[in-house]
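Asker: Sequence:
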Amino acid sequence: MQEQGIDLRTEEGIYNRFVQEIRDRGDVLIERLLVGYFVFGLFLSMFYDTWFLGLSVGGLLLVLYFLAKKMFPNTSLNQYVASGVFGVFMGQYIYQMHGLFEMHFFAFISATILITYQNWKIQIPLAIVIVLHHAVFGYLQYLSFSTGSESSVYFTQLDYMDMQTFMFHCGLAVLILLICAKWAMDLQKRTLNTSRNMVEIERMSDVMTRNLEFASMLASGEEVEKLELHAQDDYMGMTLNQIHTRLSEK
Numbered sequence: 001m002q003e004q005g006i007d008l009r010t011e012e013g014i015y016n017r018f019v020q021e022i023r024d025r026g027d028v029l030i031e032r033l034l035v036g037y038f039v040f041g042l043f044l045s046m047f048y049d050t051w052f053l054g055l056s057v058g059g060l061l062l063v064l065y066f067l068a069k070k071m072f073p074n075t076s077l078n079q080y081v082a083s084g085v086f087g088v089f090m091g092q093y094i095y096q097m098h099g100l101f102e103m104h105f106f107a108f109i110s111a112t113i114l115i116t117y118q119n120w121k122i123q124i125p126l127a128i129v130i131v132l133h134h135a136v137f138g139y140l141q142y143l144s145f146s147t148g149s150e151s152s153v154y155f156t157q158l159d160y161m162d163m164q165t166f167m168f169h170c171g172l173a174v175l176i177l178l179i180c181a182k183w184a185m186d187l188q189k190r191t192l193n194t195s196r197n198m199v200e201i202e203r204m205s206d207v208m209t210r211n212l213e214f215a216s217m218l219a220s221g222e223e224v225e226k227l228e229l230h231a232q233d234d235y236m237g238m239t240l241n242q243i244h245t246r247l248s249e250k
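Taking the working numbering, the leading residue of the sequence shown gets 1, the next gets one more, and so forth.
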């Protein structure tokens, strides 16, 4: 079986097929979740009248993802864009809810969902957005508080996040993303091992079929050449060749 010049019965072919199935399944899940995030942003708009933010930022993020997928098909770019988009959605929610701490949990939800792609690198854009968002908005909130500014910067429900809390907060967030990245790596290794096992099963099946055909010809008394062995562990083929030799000597 061939697909785009790749034999799907080889290890590379089977692995590529698995990767494509994982990517397609992941895209469906991620796209549904992105739409769900957008709708959730509209829901949050009702609390503090942030409709413009929910529609403009949320809509722009959706356009950015689907535009990346449209312009760069058959690549993983849309996965990295989705990772960054999830991070921005988290920041949007935090702002919409005036620093409600629970909105930070969306970073962890997103990191867990991204495991579906079995690619640890996809966690990187999300991690970058989280750290940048926390650093910038945390500093702006502190600056607003320390200068007595009337401008509202929503990052936490506290007056500001001190450096010790900030370091623990970002450190634990990155740690969770590293754990998710490790899970993605483990799943990727399992997929590779599965493809190798399937290749071995295919090989053993081919060898068995060929040996049975050879045995059938020997049993019917047909004149056949010795069986060409393609593997050192083909003990059944070796035995059939020994039988062939003895029959030829009679």
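Simulated from the structure, these hints should not be mistaken for lab results. In this text, a Cβ means the ideal position worked out from N, Cα and C, and glycines have one as well. Accuracy of the hints is not assured; some may be wrong.
[Claimed, not checked] In silico EDC-like pairs for lysine to aspartate or glutamate, Cα to Cα no more than 20 Å straight-line:
id: 1; residue 1: K189; residue 2: E31
id: 2; residue 1: K69; residue 2: E200
id: 3; residue 1: K69; residue 2: D27
id: 4; residue 1: K121; residue 2: D206
id: 5; residue 1: K121; residue 2: E200
id: 6; residue 1: K70; residue 2: E12
id: 7; residue 1: K189; residue 2: E200
id: 8; residue 1: K70; residue 2: D24
id: 9; residue 1: K70; residue 2: D27
[Said to hold, decoys possible] Label pairs and their computed distance ranges (CB to CB):
id: 10; residue 1: D27; residue 2: H98; range: 52 to 60 Å
id: 11; residue 1: N197; residue 2: M46; range: 47 to 55 Å
id: 12; residue 1: D27; residue 2: F52; range: 23 to 31 Å
id: 13; residue 1: L77; residue 2: E202; range: 30 to 38 Å
id: 14; residue 1: T194; residue 2: T147; range: 54 to 62 Å
id: 15; residue 1: K189; residue 2: L67; range: 50 to 58 Å
Asker: It remains to establish, for every hint, whether it holds in the given structure.
Answerer: Going through the hints against the structure:
no. : hint                    : in the structure
1   : K189 - E31              : 25 Å, violated
2   : K69 - E200              : 35 Å, violated
3   : K69 - D27               : 10 Å, holds
4   : K121 - D206             : 38 Å, violated
5   : K121 - E200             : 30 Å, violated
6   : K70 - E12               : 26 Å, violated
7   : K189 - E200             : 17 Å, holds
8   : K70 - D24               : 14 Å, holds
9   : K70 - D27               : 13 Å, holds
10  : D27 - H98: 52 to 60 Å   : 34 Å, violated
11  : N197 - M46: 47 to 55 Å  : 52 Å, holds
12  : D27 - F52: 23 to 31 Å   : 29 Å, holds
13  : L77 - E202: 30 to 38 Å  : 33 Å, holds
14  : T194 - T147: 54 to 62 Å : 58 Å, holds
15  : K189 - L67: 50 to 58 Å  : 33 Å, violated
Checked against the numbered hints above, the structure breaks hints 1, 2, 4, 5, 6, 10, 15 and satisfies the rest.
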